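Peer 1: In order, the protein sequences belong to chains A and B.
Counting with the numbering used here, you get residues 1 to 521 for the letters of the first sequence.
Counting with the numbering used here, you get residues 1 to 427 for the letters of the second sequence.
For the record, the hints were derived by calculation from the structure and aren't laboratory data.
Quick caveat: nothing in here was measured; it's all calculated off a predicted structure.
Built from N, CA and C at the ideal position, the CB exists for glycine as well.
All the given hints hold, so there is nothing to weed out.
Taking beta-carbon pairs under 8 Å as the criterion, some of the chain A residues facing chain B (in silico):
1. Arg20
2. Phe21
3. Phe22
4. Ile24
5. Gly25
6. Ile26
7. Asp313
8. Leu314
9. Glu317
10. Lys321
11. Tyr374
12. Phe377
13. Ile378
14. Met381
15. Asn382
16. Ile388
List time: in silico DSS-like cross-link candidates among lysine-lysine, alpha-carbon distance up to 27 Å:
17. A:Lys125 / A:Lys279
18. A:Lys138 / A:Lys274
19. A:Lys328 / B:Lys253
20. A:Lys452 / A:Lys422
21. B:Lys306 / A:Lys330
22. A:Lys451 / A:Lys421
23. B:Lys297 / A:Lys356
24. A:Lys130 / A:Lys283
25. A:Lys467 / A:Lys443
26. A:Lys506 / A:Lys451
27. B:Lys399 / B:Lys372
28. A:Lys330 / B:Lys251
29. A:Lys328 / B:Lys248
30. A:Lys426 / A:Lys451
31. A:Lys356 / B:Lys306
32. A:Lys455 / A:Lys470
33. A:Lys497 / A:Lys509
34. B:Lys251 / A:Lys328
35. B:Lys306 / A:Lys117
36. A:Lys509 / A:Lys451
37. A:Lys491 / A:Lys506
38. B:Lys280 / A:Lys328
39. B:Lys251 / A:Lys403
40. B:Lys306 / A:Lys328
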Amino acid sequence: MKSICLYFQVHQPYRLQTYRFFDIGINHDYYDEFANSSIMQRVAQKCYLPMNRLLLDLIKEYGSAFKVSFSISGMALEQFESCAPDALKSFQELAKTGNVEFLAETYAHSLSALSDKEEFMRQVKMHAQKVEELFGQKPTTFRNTELIYSDDIGATVAGMGFDVMLTEGAKHVLGWRSPNMMYTNAINPNLKLLLKNFRLSDDIAFRFSNQGWNEWPLTTDKFTQWLNELDKKDEVVNLFMDYETFGEHQWEETGIFDFMAALPGAIYKNTDLKFATPKELGKQLQPVAPVHVPYPISWADEERDITAWLGNDLQNEAFDKLNALSSKVKHINNPSIQRDWLYLQTSDHFYYMSTKWFSDGDVHKYFNPYGNPYDAFINYMNVLSDFIIRVENEGVDVDEELKDIKEAVSSMSEKAEKAVKKAAKKVKETLEKGKELNFDDIKDMSDSAIKKLLKEIDIETLTGALKDTKEDLAERIIPNLSTKARKEYDKLEKELKKVKKSDIRKYRKMVEDKLNELFGK
Amino acid sequence: MRILMFGWEFPPHISGGLGTACFGLTKGLAKHGVNVIFVVPRAYGDEDEQAVRLVNASDVTFDLEDKEYKEFWSRVKYMEIGTNIIPYVAPEDFEKVVEKNKKTSQEFTSNVFSRRYQFSGKYGTNLMEEVSRYALIASAVAQKEEYDVIHAHDWLTYPAGIAAKKASGKPLVVHIHATEFDRTGENYNEIVYGIEKEGMEAADMVIAVSNLTRNTVIKRYGINPDKVVTVYNAVEPVKSNETQTLKKNVKEKVVTFLGRITYQKGPEYFIEAAYKILQKDRNIRFVMAGSGDLLHKMIERVAALKIADRFHFTGFLKGDDVNHMFALSDVFVMPSVSEPFGIVPLEAMRIHVPVVISKQSGVSEILRHALKIDFWDVDAMADSIYGLCNYDALSETFKKYGKEEVENLKWENAAFNVKMVYETVFP
Numbered sequence: 001m002k003s004i005c006l007y008f009q010v011h012q013p014y015r016l017q018t019y020r021f022f023d024i025g026i027n028h029d030y031y032d033e034f035a036n037s038s039i040m041q042r043v044a045q046k047c048y049l050p051m052n053r054l055l056l057d058l059i060k061e062y063g064s065a066f067k068v069s070f071s072i073s074g075m076a077l078e079q080f081e082s083c084a085p086d087a088l089k090s091f092q093e094l095a096k097t098g099n100v101e102f103l104a105e106t107y108a109h110s111l112s113a114l115s116d117k118e119e120f121m122r123q124v125k126m127h128a129q130k131v132e133e134l135f136g137q138k139p140t141t142f143r144n145t146e147l148i149y150s151d152d153i154g155a156t157v158a159g160m161g162f163d164v165m166l167t168e169g170a171k172h173v174l175g176w177r178s179p180n181m182m183y184t185n186a187i188n189p190n191l192k193l194l195l196k197n198f199r200l201s202d203d204i205a206f207r208f209s210n211q212g213w214n215e216w217p218l219t220t221d222k223f224t225q226w227l228n229e230l231d232k233k234d235e236v237v238n239l240f241m242d243y244e245t246f247g248e249h250q251w252e253e254t255g256i257f258d259f260m261a262a263l264p265g266a267i268y269k270n271t272d273l274k275f276a277t278p279k280e281l282g283k284q285l286q287p288v289a290p291v292h293v294p295y296p297i298s299w300a301d302e303e304r305d306i307t308a309w310l311g312n313d314l315q316n317e318a319f320d321k322l323n324a325l326s327s328k329v330k331h332i333n334n335p336s337i338q339r340d341w342l343y344l345q346t347s348d349h350f351y352y353m354s355t356k357w358f359s360d361g362d363v364h365k366y367f368n369p370y371g372n373p374y375d376a377f378i379n380y381m382n383v384l385s386d387f388i389i390r391v392e393n394e395g396v397d398v399d400e401e402l403k404d405i406k407e408a409v410s411s412m413s414e415k416a417e418k419a420v421k422k423a424a425k426k427v428k429e430t431l432e433k434g435k436e437l438n439f440d441d442i443k444d445m446s447d448s449a450i451k452k453l454l455k456e457i458d459i460e461t462l463t464g465a466l467k468d469t470k471e472d473l474a475e476r477i478i479p480n481l482s483t484k485a486r487k488e489y490d491k492l493e494k495e496l497k498k499v500k501k502s503d504i505r506k507y508r509k510m511v512e513d514k515l516n517e518l519f520g521k
Numbered sequence: 001m002r003i004l005m006f007g008w009e010f011p012p013h014i015s016g017g018l019g020t021a022c023f024g025l026t027k028g029l030a031k032h033g034v035n036v037i038f039v040v041p042r043a044y045g046d047e048d049e050q051a052v053r054l055v056n057a058s059d060v061t062f063d064l065e066d067k068e069y070k071e072f073w074s075r076v077k078y079m080e081i082g083t084n085i086i087p088y089v090a091p092e093d094f095e096k097v098v099e100k101n102k103k104t105s106q107e108f109t110s111n112v113f114s115r116r117y118q119f120s121g122k123y124g125t126n127l128m129e130e131v132s133r134y135a136l137i138a139s140a141v142a143q144k145e146e147y148d149v150i151h152a153h154d155w156l157t158y159p160a161g162i163a164a165k166k167a168s169g170k171p172l173v174v175h176i177h178a179t180e181f182d183r184t185g186e187n188y189n190e191i192v193y194g195i196e197k198e199g200m201e202a203a204d205m206v207i208a209v210s211n212l213t214r215n216t217v218i219k220r221y222g223i224n225p226d227k228v229v230t231v232y233n234a235v236e237p238v239k240s241n242e243t244q245t246l247k248k249n250v251k252e253k254v255v256t257f258l259g260r261i262t263y264q265k266g267p268e269y270f271i272e273a274a275y276k277i278l279q280k281d282r283n284i285r286f287v288m289a290g291s292g293d294l295l296h297k298m299i300e301r302v303a304a305l306k307i308a309d310r311f312h313f314t315g316f317l318k319g320d321d322v323n324h325m326f327a328l329s330d331v332f333v334m335p336s337v338s339e340p341f342g343i344v345p346l347e348a349m350r351i352h353v354p355v356v357i358s359k360q361s362g363v364s365e366i367l368r369h370a371l372k373i374d375f376w377d378v379d380a381m382a383d384s385i386y387g388l389c390n391y392d393a394l395s396e397t398f399k400k401y402g403k404e405e406v407e408n409l410k411w412e413n414a415a416f417n418v419k420m421v422y423e424t425v426f427p
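Can you make the complete structure from the sequences, with help from the hints?
Peer 2: So, in structure tokens, the structure goes:
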């Protein structure tokens with residue numbers, strides 16, 4: 001028995017307001033609040049609320065036989081919370097039915113998988129946590145922004161403990177193989193892959209209302225007939241699409257809601273397919289083979305690659321300049337910087353800069369607030385330039401830095417003081433022991449003690465005693481001589497070419513006697 | 001003395017320096033007792049008419065059956081709009097222009113002869129149609145008004161100037177603010193060139209805005225040097241609100257290019273110089289303000305050089321935003337490949353911004369307190385910019401003496417020279 005897996009993507013970016021060069025360094029408010037809230041409210045009215053109601057009714061009608069899955073980006077979740085709480089509530093109602101799986105993705109709907117593994121993992125964890133908070137389930141299935149996938153990305157996701165990941169059934173990756181089976185990651189076979197059946201998915205998502213399409217109008221009978229025509233060996237049909245398909249991309253007037261309301265019934269009636277969530281499929285199905293994806297794929301455009309986001313110089317420049325901040329931002333504990341760091345990473349900003357837009361038509365135009373990719377680039381770079389200044393200013397807070405230096409200096413001088421005290425104590429202890437002091441002990445004495453000693457000894461004796469001594473001892477003594485004594489010493493030292501060993505001993509004995517007289521018992 | 005003057009634009013509805021220059025000149029002429037009747041294709045009603053009486057060509061109506069006009073029209077050949085003919089058109093309008101171009105010539109003729117005609121007064125879609133209609137109206141206005149000399153600014157108004165001269169027999173002065181070679185280089189449009197040449201030949205006197213332009217007029221258009229006179233432009237005195245010091249928004253030095261982003265203005269040399277400097281000194285930001293057919297190409301170049309975090313674009317600026325931009329600038333650069341005069345550096349200097357200008361600009365003939373470089377010499381441009389950003393003694397000198405110098409370039413003086421030209425044709 002085959003399965004059918006419905007997954008819907010919900011995402012809304014934080015669109016930027018017109019931000020000019022003059023705003024750089026002055027205005028840190030980047031977002032078009034009016035556009036963002038009005039778009040969110042419009043889409044909630046036209047899509048999220050009616051479609052959630054429809055799904056809820058289907059679940060009530062068919063019970064556990066009807067299942068769907070969602071991935072809702074952190075950007076959309078935050079905007080639900082601020083502008084469309086009723087939409088969030090209706091998603092939570094769906095969650096409560098137990099028939100709906102919520103997937104994890106990058107919190108910011110970002111391209112971090114392509115640039116920064118650490119940031120990618122941080123955002124995935126952040127999103128999983130948010131999903132758990134709002135919907136009461138810990139995601140075990142992962143889908144990346146725009147279904148972007150490669151062997152390496154899959155391995156990272158597997159390493160984070162996910163069981164299943166969704167991606168595109170791209171022809172250039174699959175070759176002759178069917179997307180309607182379960183595969184595994186090429187590096188870590190623990191990660192199972194479900195691949196989008198792009199023909200059947202796009203029949204609904206893109207072609208449903210296209211009157212130039214030779215299959216128009218699409219009916220549930222026709223669609224279930226196609227499902228029946230699938231190869232016997234096929235195990236799962238993955239219908240992955242933007243949730244905004246319903247009511248936004250395909251208006252209500254096209255009959256899209258009626259189609260979806262009738263689809264489950266038609267599937268039960270005409271086929272033997274059953275609905276399943278990605279998590280269930282990961283447990284039920286046996287993977288057939290690893291799939292090798294050395295270069296990233298996505299669900300976009302004919303090429304199914306990432307060139308819609310990172311395909312020209314504008315996009316690469318903006319993306320590189322943004323990512324260069326990653327290591328700095330990590331250490332900044334400022335909530336508004338952390339927020340903007342996420343919002344600016346959203347893939348839509350780079351999508352708006354696509355020059356494929358000119359040829360690749362409608363999908364790129366959708367929701368695009370800019371007239372052309374150049375305006376999108378200028379506006380984004382102006383915002384990013386301000387953000388860079390803020391990040392850099394956080395790094396070099398002069399007052400903070402000065403405070404740090406002062407603290408370091410004072411702790412160092414404290415330590416030095418302690419060390420000096422300890423040394424002085426040691427010398428004193430040694431001296432107080434009352435043992436017989438000898439000539440070599442001078443080098444452990446304090447400067448003041450040495451000076452005191454030198455006052456009592458005539459220079460000739462000293463010069464004789466110091467002949468042929470170890471260097472370190474002489475170095476302790478000679479600097480402690482007065483200027484006058486030093487001169488005399490230098491003079492005598494030169495004259496005193498050779499001294500008998502017995503004489504040296506004699507002189508040293510004289511010094512030692514004095515030493516014991518002053519500091520001994 | 002009364003002058004019938006034809007100009008395509010008048011402040012505040014301007015897209016380049018031409019309207020500003022016309023306005024300054026008419027004010028200067030008024031001080032010398034010269035009255036000006038100024039004919040624009042389209043008046044909006046908010047123009048400053050203190051020095052001129054504005055005639056709105058859109059308000060002038062015609063008798064369709066008038067044989068004289070029909071006859072005039074038969075001499076005006078149908079002119080096709082090519083891509084180079086409209087150098088001022090914004091890139092986003094270009095597609096539309098090409099689209100509209102497919103109009104038939106029959107439609108064109110009937111439009112020109114409609115009873116009333118609403119001019120756009122821009123440099124857009126049906127420019128040639130407007131130029132022709134404007135010439136028709138000129139001959140009507142020329143018979144109605146009282147004046148001594150006809151004065152026409154740039155090629156768009158030369159057919160009007162010629163028509164007015166034919167209708168009235170009054171002497172004609174044409175004023176060359178830019179030639180077709182300045183706008184398009186060697187890929188010049190033959191029709192525009194033809195109109196320019198015809199205007200200069202029909203004129204009793206030709207005024208060029210610099211010796212550079214005067215040479216072009218003599219060499220490229222074969223005009224008798226005796227009737228070509230150089231009169232330099234000037235700049236309006238600074239208004240008090242322009243001198244307000246604005247708080248700078250970034251801590252780095254700001255180096256600005258401000259003008260149309262077209263071949264003529266040499267924007268790519270500015271980008272290459274910026275790239276060179278940024279390899280050495282990251283404490284400078286570059287701004288390219290303006291719009292034009294090369295804008296997208298320039299954005300792509302900046303992205304490819306990976307300097308977009310230090311090189312910013314503002315789009316087209318007008319009014320206060322221009323002054324705002326100057327106020328934030330530490331250096332202004334005009335790297336024009338060919339600039340008959342170039343009034344923008346004067347606007348920068350009068351509010352204390354040091355300038356780097358190309359030797360290929362007319363204004364470099366008269367300015368002393370400006371660093372002058374060849375537009376193609378990117379190294380010299382980079383040197384000059386770097387010097388003005390880093391050596392305060394240099395920039396302070398330029399700020400101080402530059403302002404003084406510009407304040408001495410008065411429209412009153414330029415207008416006096418223009419009046420002298422009038423007197424040679426109307427003694």
